[in-house]
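Please build the complex by placing chain B on the supplied structure of chain A, with the hints as guidance.
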Amino acid sequence: MSGHHISSAKFLWGVGISLLILTIITVGVAFIEIPSPWNIVVAIAIALVKASIVAAFFMNLYWDSRFNLLLLVVGILFFILLIGITLMDTLYRTDPLPSF
Amino acid sequence: MSQTSAIDQLTAHVQHHFVDSDQQFESAKMGMWVFLVTEILFFGGLFAAYIVYRAWYPDLYIMASEQLDTFWGGVNTVVLIGSSLTVAMAIRSAQLNQQKGIVINLLITIALAFVFMVIKYFEYSHKFELGIFPGAYYTFEGIDHPQANIFFSIYYMMTGLHGVHVIVGIGLMVWLLVKARKGVFHSNYYTPVEITGLYWHLVDIIWIFLFPLLYLID
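From first to last, the protein sequence lines stand for chains A and B. In terms of our numbering, the first sequence has 65 at position 65, counting the first letter as 1, and numbering is strictly consecutive. In terms of our numbering, the second sequence has 26 at position 26, counting the first letter as 1, and numbering is strictly consecutive.
Looking at chain A on its own, in the form it has when it is part of the complex (with noise of 0.2 Å):
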């Protein structure tokens, strides 16, 4: 089939490598101290790094149509949604927390 992008192994490698020393990043980052909530956002931002170089470059979105991208793009969009909606609520309530 035309047009398929192949990957070398050389670079499924090295993005496999990346991915390792990224992990021993997330854990490291875990053992130094910083005040919350910052260590959630470094965690997740090192996640997201993680994730996007998995979709990018082992799900192929880099060569792919870029409509596949745009349904990744679009569906965490509304996950964002899902989040900041249900924050917005349960942060801002002042009733007592429930018993559950």
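No wet-lab data here; the hints were simulated from the structure. There's no promise every hint is true.
[Unchecked claim] Below, a sample of chain B positions facing chain A; criterion: calculated Cβ distance under 10 Å: (1) R54; (2) Y57; (3) L161; (4) V164.
Even glycine gets a Cβ: it sits at the ideal position worked out from N, Cα and C.
Below, chain B without anything else, positioned relative to chain A:
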């Protein structure tokens, strides 16, 4: 074998409602991406529960996280990243008509997925020994917080659902392995390998977020 018969072999998979093999491949990929987006929102609901409870009970999360073994969580992360690499290599083998490469890389991916589930099994059984069960069955006394069982309900739901997805992935890849050994896949047709690979990478991505959020709350 005549020329026409050889071409028929290469295009036998093309269904009548597609213009050519490429269009069929691209629509299969798009269909899988639509499914993956539903999976993101599926897990997204659980992440929403995690976030709300962490906002309400931040101390609980710090205390409860001590019951999760960071080392084995880290090993599982490495195992899944490795399996993403090998499934990508399996797709590459299919693209290059290397049947042996497809088989070997799928085998290693399945093996790594099994390693992940074995480690999960030991994690869960260790917790069960301590009385750490989800929800109403929680009997562990070691965490001084009235909502401790809620954290572990969330933990079991998220990692359990993820584990179910790993098992489904194992099943899919065993099916791919059987077909690959029969020589079904070649550089003109490897669509099932490609879209199963996409599914597997998403399972890896979900774990990439689960690991720091559950195991690295320190």
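Hints, one by one, checked against the model:
A least Cβ separation of about 8 Å between R54(B) and chain A falls short of the 10 Å threshold, and the interface hint therefore holds. Look at Y57(B): its Cβ gets to within about 8 Å of chain A, closer than 10 Å, so that hint holds up. With 10 Å as the threshold, the beta carbon of L161(B) stays out of range of chain A, its nearest partner Cβ sitting at about 16 Å, so the hint is violated. Nearest Cβ of chain A to the Cβ of V164(B): about 20 Å, over the 10 Å cut. The hint is violated.
Figure legend: structure checked against the earlier numbered hints; hints not met, in rising order: 3 and 4.
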